[in-house]
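The task is simple: from the sequences and hints, build the whole structure.
Taken in order, these protein sequences are the chains called A and B. When the first sequence is numbered by my numbering, its final residue is 439 and no position is left out of the sequence of numbers. When the second sequence is numbered by my numbering, its final residue is 1186 and no position is left out of the sequence of numbers.
Since the hints were derived computationally from the structure, they do not count as laboratory data. All of these numbers come straight from a predicted model, not from anything done at the bench. Treat the hints with care, as some may be off.
Label pairs and their in silico Cβ distance ranges [said to hold, decoys possible]:
| # | chain 1 | residue 1 | chain 2 | residue 2 | range |
| --- | --- | --- | --- | --- | --- |
| 1 | A | Met-165 | B | Asp-1123 | 20 to 26 angstroms |
| 2 | B | Val-1172 | A | Asp-423 | 56 to 62 angstroms |
| 3 | B | Ser-1075 | A | Pro-44 | 17 to 23 angstroms |
| 4 | A | Leu-153 | B | Ala-1028 | 33 to 39 angstroms |
| 5 | A | Arg-311 | B | Ala-1028 | 33 to 39 angstroms |
| 6 | A | Arg-311 | B | Asp-1123 | 51 to 57 angstroms |
| 7 | A | Phe-60 | B | Ser-1075 | 28 to 34 angstroms |
| 8 | B | Ala-1034 | A | Trp-279 | 53 to 59 angstroms |
| 9 | A | Ala-168 | B | Leu-1126 | 50 to 56 angstroms |
| 10 | A | Glu-339 | B | Ala-1034 | 35 to 41 angstroms |
| 11 | A | Pro-44 | B | Gln-1012 | 54 to 60 angstroms |
| 12 | B | Val-1172 | A | Gln-241 | 43 to 49 angstroms |
What the simulated footprint calls covered on chain B by chain A, stretch by stretch (three residues with Cβ under 8 angstroms from a Cβ of chain A suffice, anywhere in the stretch; the number is not a length) [claimed, not checked]:
| # | region |
| --- | --- |
| 13 | 1008-1015 |
| 14 | 1041-1053 |
| 15 | 1057-1070 |
| 16 | 1097-1111 |
| 17 | 1128-1142 |
| 18 | 1174-1185 |
Glycine is no exception: its CB is placed at the ideal position from the N, C-alpha and C atoms.
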Amino acid sequence: MKKSAAKTLIVLIILFWTGLAGGVRRLPPPQFETDYQIPTATEPPPRMSVWDPADVAVLFGALLLSSWLTLKKRSRRWIVGLMIFSLAYFGFWRKGCICPIGAVGNVSLSLFDPSYALPAAATAFFLLPLLAGLFFGRAFCGAVCPLGAIQDLVVLHPLMVPGWMETALRLGAWLYLALSVLYAATGSGLLICRYDPFIAFFRLSPNSLLWLLGLLFLAVGVFIGRPYCRFVCPYGLLLRQAGRLSRRHVTITPDECIHCRLCEDVCPFGAIDKPTAHWPAEIFARDRRRMIFLFVLLPVLVAVGGWIGYRVHPALAQGNPTVALARQVQEMESGRMTELTDPIKAFHTTGTSVGALYAQRDQVLQKFAVGGTLVGAFVALIAAGKLIAVSIHRVRTDYQANRAGCLSCGRCFAYCPRQRIADKPESAGNRGSEKESAV
Amino acid sequence: MSDQNVPLSRRQILRDGLWTASLTACGAAGAALAALSRRDSYVWQINPHKCIGCDRCATHCVLSESAVKCVHAYSMCGYCDLCTGYFDPDPKSLDTGAENQLCPTGAIRRRFIEEPYFEFTIDEKLCIGCAKCVVGCSAFGNGSLFLQIRHDRCLNCNECAIARVCPSQAFVRVPSRQPYLMKDQI
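Right, dumping it as structure tokens:
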């Protein structure tokens, strides 16, 4: 009985609906006779915005503290302490958002999309570590970055990566940076945040692929120190340049280098530069010839890079939702695809014409054509710069922390005998209690 | 430092120049971005008019229990006895038994108001954001049930994992002053 009543009602409803010809309200608003008040849905406020100023303050404080610990206090133990705090606060407590690495995407997006205004917190997160870098080196990487911290804690059996390989692998990071900017600028998404390898840990997220990615980085990180920081991190590349120019910088020794070679291979990140041999004079003449050749080659490389970038731009553009949708619609129209997918269903409900969609796609493709060319040319330019850099013979007399590569982790301090003397002048040479610093 | 009177090398001059330029660039970028940026940040929200009620919100959120929940715009509701967002389209019998309900978790509460009106309320603790009721309600009813990101739960990821897979591109960034796009208000 009841079932048939229900069906009748549904039929009535359908009739009513068709009668309204697709109007928004198919059923009339009820006329209550009792004093029933129509409630409104609750709107719980965003809980995150409360934290924004606190986050910036904590970042600022942590940067200053990290700088002080690496430059003045010179204590690996305290640096590890700050590292764990940062991992707990920025990582697990604040769930890894917002971070300066991801802010690269927000900054690019805000530069190219006028409808997106950069939140003040994102601006601060993007600029503060760079400013700290200009004054104190990569203090951010050392003890503030949660991604760095989680990797730093698993460096157990570091293997040395040859310098040339490190330089070559870093080209991948430059490509990643360029692509991230391209994707953000074309409104196709924030790649850095999408593939943040440790976000699944921080959020205890159910995404198993991201867990795998994170575990992979940690597993590799046991043998190759901080692989994400050295070979992937796009923001690290910016900090490298800031570190090169920094006013103050981490030194291995508190006062003078005595060439004892004790620190030679303690840096798991290969950031300790050894003193160079006495180059014979003719080597500089050879360098000069090579450099002239490379400078001539540079435009060729850039042109080739730009050409490759242009060639692959249609493939790159597939990551853009509009382009992906247009492709599906096109396949549908041409009859190659018969199954009605959700995006096509959704597209039909918007009432946009297919032509308008294709026009939008062509606009996006145009952006990708320009952007892809620029990305290719940029990466080629960086590659050429690297070739030029490795062809120059530098002169160094002491063991030094590489200004760009040093992550300010403070591992090398305890290995310097001068540090021991500075710590305890009276009993220098017969102490072995700093084992924990050697981890 | 200065008492030693070290002659400036070419590299040092270059470095100092670049440093000053970088610092100026940082300052300028900071000023420009600060001028562009707003104090209140952006949060993600679903445009209910674009949403087609696929069930990706239930499965793709970084939280294991999605931050997206069903919300009821009471002012749009018809208060029907035979709510198509509440009952299974082919019920075994027309009572409020779990097997006759559309909601897999029984998150929709039904309360008698007066003949013939019933009020439907979402129990957000139980709602998983699967949008079954949303589809049912908008198929035959007024469409007063719709999905919204609940900001007491949302972590506001920089890139929303659901937005990326949303087939209707219904996820938009909205200012945190007005974090909801209520269907009866837009």
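Hint by hint, here is what the structure shows:
no. : hint                                          : verdict
1   : A:Met-165 with B:Asp-1123: 20 to 26 angstroms : violated, 57 angstroms
2   : B:Val-1172 with A:Asp-423: 56 to 62 angstroms : holds, 57 angstroms
3   : B:Ser-1075 with A:Pro-44: 17 to 23 angstroms  : holds, 19 angstroms
4   : A:Leu-153 with B:Ala-1028: 33 to 39 angstroms : holds, 37 angstroms
5   : A:Arg-311 with B:Ala-1028: 33 to 39 angstroms : holds, 36 angstroms
6   : A:Arg-311 with B:Asp-1123: 51 to 57 angstroms : holds, 55 angstroms
7   : A:Phe-60 with B:Ser-1075: 28 to 34 angstroms  : violated, 46 angstroms
8   : B:Ala-1034 with A:Trp-279: 53 to 59 angstroms : violated, 48 angstroms
9   : A:Ala-168 with B:Leu-1126: 50 to 56 angstroms : holds, 54 angstroms
10  : A:Glu-339 with B:Ala-1034: 35 to 41 angstroms : violated, 49 angstroms
11  : A:Pro-44 with B:Gln-1012: 54 to 60 angstroms  : holds, 57 angstroms
12  : B:Val-1172 with A:Gln-241: 43 to 49 angstroms : violated, 35 angstroms
13  : 1008-1015                                     : violated (count 1)
14  : 1041-1053                                     : holds (count 5)
15  : 1057-1070                                     : holds (count 3)
16  : 1097-1111                                     : violated (count 0)
17  : 1128-1142                                     : holds (count 3)
18  : 1174-1185                                     : holds (count 4)
Of the numbered hints given earlier, the model fails hints 1, 7, 8, 10, 12, 13, 16; all others are met.
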